[in-house]
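Protein chains: 6
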Amino acid sequence: MNVEKLSHINEQGRARMVDVSGKPVTRRTAVARSRIRMKRETMERIRQGRVSKGDVLAVAQVAGIMAAKKTADLIPMCHPVPLKSADIRFYEEGDEVLVVEAEVKTDNVTGVEMEALTAVSVAALTVYDMCKAIDREMVVSDTCLLSKTGGKSGDFVRREEK
Amino acid sequence: MNVEKLSHINEQGRARMVDVSGKPVTRRTAVARSRIRMKRETMERIRQGRVSKGDVLAVAQVAGIMAAKKTADLIPMCHPVPLKSADIRFYEEGDEVLVVEAEVKTDNVTGVEMEALTAVSVAALTVYDMCKAIDREMVVSDTCLLSKTGGKSGDFVRREEK
Amino acid sequence: MNVEKLSHINEQGRARMVDVSGKPVTRRTAVARSRIRMKRETMERIRQGRVSKGDVLAVAQVAGIMAAKKTADLIPMCHPVPLKSADIRFYEEGDEVLVVEAEVKTDNVTGVEMEALTAVSVAALTVYDMCKAIDREMVVSDTCLLSKTGGKSGDFVRREEK
Amino acid sequence: MNVEKLSHINEQGRARMVDVSGKPVTRRTAVARSRIRMKRETMERIRQGRVSKGDVLAVAQVAGIMAAKKTADLIPMCHPVPLKSADIRFYEEGDEVLVVEAEVKTDNVTGVEMEALTAVSVAALTVYDMCKAIDREMVVSDTCLLSKTGGKSGDFVRREEK
Amino acid sequence: MNVEKLSHINEQGRARMVDVSGKPVTRRTAVARSRIRMKRETMERIRQGRVSKGDVLAVAQVAGIMAAKKTADLIPMCHPVPLKSADIRFYEEGDEVLVVEAEVKTDNVTGVEMEALTAVSVAALTVYDMCKAIDREMVVSDTCLLSKTGGKSGDFVRREEK
Amino acid sequence: MNVEKLSHINEQGRARMVDVSGKPVTRRTAVARSRIRMKRETMERIRQGRVSKGDVLAVAQVAGIMAAKKTADLIPMCHPVPLKSADIRFYEEGDEVLVVEAEVKTDNVTGVEMEALTAVSVAALTVYDMCKAIDREMVVSDTCLLSKTGGKSGDFVRREEK
Chain A
126 MNVEKLSHIN EQGRARMVDV SGKPVTRRTA VARSRIRMKR ETMERIRQGR
176 VSKGDVLAVA QVAGIMAAKK TADLIPMCHP VPLKSADIRF YEEGDEVLVV
226 EAEVKTDNVT GVEMEALTAV SVAALTVYDM CKAIDREMVV SDTCLLSKTG
276 GKSGDFVRRE EK
Chain B
126 MNVEKLSHIN EQGRARMVDV SGKPVTRRTA VARSRIRMKR ETMERIRQGR
176 VSKGDVLAVA QVAGIMAAKK TADLIPMCHP VPLKSADIRF YEEGDEVLVV
226 EAEVKTDNVT GVEMEALTAV SVAALTVYDM CKAIDREMVV SDTCLLSKTG
276 GKSGDFVRRE EK
Chain C
126 MNVEKLSHIN EQGRARMVDV SGKPVTRRTA VARSRIRMKR ETMERIRQGR
176 VSKGDVLAVA QVAGIMAAKK TADLIPMCHP VPLKSADIRF YEEGDEVLVV
226 EAEVKTDNVT GVEMEALTAV SVAALTVYDM CKAIDREMVV SDTCLLSKTG
276 GKSGDFVRRE EK
Chain D
126 MNVEKLSHIN EQGRARMVDV SGKPVTRRTA VARSRIRMKR ETMERIRQGR
176 VSKGDVLAVA QVAGIMAAKK TADLIPMCHP VPLKSADIRF YEEGDEVLVV
226 EAEVKTDNVT GVEMEALTAV SVAALTVYDM CKAIDREMVV SDTCLLSKTG
276 GKSGDFVRRE EK
Chain E
126 MNVEKLSHIN EQGRARMVDV SGKPVTRRTA VARSRIRMKR ETMERIRQGR
176 VSKGDVLAVA QVAGIMAAKK TADLIPMCHP VPLKSADIRF YEEGDEVLVV
226 EAEVKTDNVT GVEMEALTAV SVAALTVYDM CKAIDREMVV SDTCLLSKTG
276 GKSGDFVRRE EK
Chain F
126 MNVEKLSHIN EQGRARMVDV SGKPVTRRTA VARSRIRMKR ETMERIRQGR
176 VSKGDVLAVA QVAGIMAAKK TADLIPMCHP VPLKSADIRF YEEGDEVLVV
226 EAEVKTDNVT GVEMEALTAV SVAALTVYDM CKAIDREMVV SDTCLLSKTG
276 GKSGDFVRRE EK
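Protein chains in written order, with our numbering: chain A, 126 to 287; chain B, 126 to 287; chain C, 126 to 287; chain D, 126 to 287; chain E, 126 to 287; chain F, 126 to 287.
What the hints contain is simulated information worked out from the structure, not anything from laboratory work.
Any given hint could turn out to be false.
Each pair may be met inside one copy or between any two copies, as identical chains are not told apart.
[To be verified] No farther apart than 25 Å at their CA atoms in a straight line, the calculated lysine-lysine pairs in the DSS-like style are these: (1) 257 <-> 277; (2) 148 <-> 164; (3) 148 <-> 195; (4) 257 <-> 178; (5) 178 <-> 277.
Only a predicted model underlies this, so the values are computations on that prediction, with no experimental measurement involved.
Based on the sequences and whatever the hints tell you, model everything.
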């Protein structure tokens with residue numbers, strides 16, 4: 126075959142799903158977090174169940190868990206992972222910040238950081254969607270990995286959390 | 126962190142994908158069934174391949190098997206399961222009842238009851254879709270689990286079937 | 126081209142998505158219904174929010190609405206429909222029957238019967254999934270179209286409902 | 126029908142896809158933005174194309190646009206929208222902040238705010254995924270709607286942007 | 126905002142879903158074709174329905190039509206299109222070539238060429254999958270657009286077909 | 126149960142996902158290839174990054190890898206496979222042929238031939254989509270399996286490649 130590579134376009138930056146075949150299966154967990162800043166009144170209405178599109182947190186909870194299962198369909202180079210557990214919690218920090226945390230587990234050759242981050246991101250977007258008619262200026266911030274366990278790179282706890 | 130839980134909304138009824146990490150992998154099977162009641166003439170046309178949208182059972186068969194693979198994408202708290210086998214059968218019960226049965230297998234930490242139930246439900250809906258122009262009053266009934274094997278809760282056979 | 130058709134296999138029963146191009150857009154609505162028969166105790170626990178996987182009806186509600194949007198991805202010959210409204214209601218009929226009803230609307234050239242039927246079917250399957258650890262013998266029955274409006278075939282109300 | 130509503134569980138907080146049938150179609154646009162804070166070295170490697178999983182921004186661009194098309198599949202009460210345009214831009218703000226902006230357009234009865242927000246969120250998560258082996262502490266912040274046009278509620282420009 | 130563009134990476138080759146808002150809706154059709162070259166014996170078994178995984182053409186037909194509906198989910202910069210019709214035909218050309226043709230229609234601002242091409246490609250892959258245990262060396266060739274109508278660029282008929 | 130089988134329609138050609146439960150997990154690899162024939166000028170513009178929809182190969186690369194992960198959702202009787210690696214390469218053969226090759230790996234009971242074939246097919250379709258405004262007559266050909274390893278049927282190398 127007389128083949129000339131399109132190397133200037135293709136070689137250097139070529140994206141791939143990296144090879145993890147043969148890696149050992151270990152217990153993997155990850156916890157991620159997002160903060161949603163909103164008007165005091167919006168928070169109050171969520172608390173009291175007075176948002177006309179429905180129970181904001183119940184819907185966001187389901188959306189986050191379902192999104193965790195879609196992670197490999199959303200993030201191009203992410204390996205598919207058979208999730209073994211997914212849980213989402215909501216907290217208030219003062220009167221204007223709603224915190225969403227997701228904890229995901231599996232037994233797998235790759236970790237579940239992206240699954241936890243996807244869960245909180247989609248849960249936060251769902252809160253936005255449910256409340257946007259009353260508070261278009263909500264901001265989602267501080268989306269990050271709080272901790273993870275398992276895998277070759279070992280355990281990790283974000284410094285602010287230690 | 127000064128955190129106050131939204132417990133009245135969120136804590137008690139909080140939905141989650143329950144933790145099955147570390148559970149042993151076993152052979153799992155499940156058989157589910159639905160009945161579709163239709164006009165005698167509708168059944169006759171299915172039998173004879175005279176439904177204008179196409180071969181009803183061939184399409185329903187494919188739909189049911191593909192739906193089994195989408196179960197975790199449809200049922201929010203369902204764990205993703207790597208199916209190892211899926212088969213669908215159609216039977217007649219008299220002249221007005223079409224029965225659809227699905228048998229699903231895997232080797233996994235969770236069972237495949239929902240996969241079998243999703244397969245028969247979507248196969249039945251597909252029969253409805255293919256025939257609705259000629260019989261809008263079809264009814265899908267008796268969707269249930271006939272049997273399952275494997276897992277901690279052990280084997281199960283529905284009483285009517287014993 | 127010397128072409129011989131595979132007519133014995135392919136021609137007669139060939140499935141297709143029927144041609145609806147050029148059909149007029151009209152307001153379409155559809156209402157569908159399923160009944161879930163369960164143990165009295167299961168119903169009681171749903172009512173009281175004492176099912177360990179979470180708030181059964183909140184999750185089933187979200188699952189049903191999301192499934193309505195996936196209808197064309199589940200039912201092979203179904204046209205994609207841009208839904209304009211989807212709502213799900215739960216009722217009790219006595220102590221052992223939970224009823225789920227879905228009402229769907231659009232402005233489109235095809236109807237939304239399949240979307241309403243898919244919504245109730247997946248909502249019912251979700252109820253099964255949330256409760257199956259405590260009541261494996263639940264049965265989903267009487268899934269049917271209660272009414273529809275719009276389109277060339279006109280309005281329809283199921284006789285038992287008139 | 127002797128029907129008793131499960132009102133304490135279901136009625137008040139019942140989520141629904143609100144009815145937008147019959148609303149007029151107008152041109153809709155939305156611009157959303159996220160910021161990704163990372164190590165200086167990570168930014169440098171993205172700039173130079175030295176991230177081993179591939180060209181970070183090219184992959185994130187595709188991921189964001191594909192995610193915009195999946196919005197109604199991710200956000201439960203979101204109406205499906207036929208997108209007419211989707212574009213994503215990346216900027217640097219100093220040496221440690223990568224900004225992602227998405228602009229989405231359609232002609233529709235509902236807006237595309239959620240599509241723009243989903244695009245930037247998934248693009249940002251993809252940046253995280255591509256770089257997480259070298260910078261696990263990246264944070265995604267300031268995800269918000271910058272502007273929108275069209276629809277009954279009229280145009281909107283976020284104050285900081287005016 | 127002090128913003129410096131990542132122009133060397135991002136600007137020139139930046140992929141986008143091009144803006145088609147405001148374009149007029151017209152009737153669109155497209156016909157595409159693939160050829161699958163196989164062993165004479167494989168063709169014979171397809172004809173006779175003696176392939177153990179099932180009726181090859183019935184399954185490929187459904188797969189092709191369902192894939193047409195997924196086009197915008199597969200092809201990154203493709204606009205979502207509400208299909209109004211999809212049909213697939215199989216022909217034999219001699220004893221070793223199975224031809225698959227797809228015809229797709231819509232009323233839309235963009236065309237359906239990609240939908241027709243996706244339909245034949247996935248139908249052909251499905252034929253491969255159903256028969257691969259008996260004929261691993263099948264080749265799919267000549268996948269191309271045979272004709273299209275509608276849109277600003279006007280009608281097109283591939284020369285060999287005129 | 127008085128059951129009469131719809132055997133003339135259903136039994137012989139009944140499609141199923143064949144039972145692979147209990148089969149041993151082995152390392153599986155597959156390499157597939159497609160050729161895209163185009164005008165010399167089209168190739169030149171791809172090389173130079175002068176296609177207005179964006180960087181053709183970067184987008185096709187991502188599309189192919191994401192499609193590999195969707196294989197079981199596209200090919201009806203295909204078992205879901207947890208991919209462990211996916212890589213795509215582009216080559217030129219002369220001035221008018223662009224070659225796309227995909228290499229996929231897993232540790233599984235079934236092989237990844239369909240995943241590799243799906244990856245090259247969707248990557249090729251994406252090249253078509255990105256360039257169709259300038260070259261509607263492109264043809265995708267020679268899509269086939271080049272090699273595979275693992276599984277009961279053993280290793281395979283396509284003859285032309287030996």
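Evaluated hints:
no.	hint	verdict
1	257 <-> 277	between (42 Å within a copy, 14 Å between copies)
2	148 <-> 164	neither (47 Å within a copy, 29 Å between copies)
3	148 <-> 195	both (23 Å within a copy, 23 Å between copies)
4	257 <-> 178	within (10 Å within a copy, 29 Å between copies)
5	178 <-> 277	between (44 Å within a copy, 18 Å between copies)
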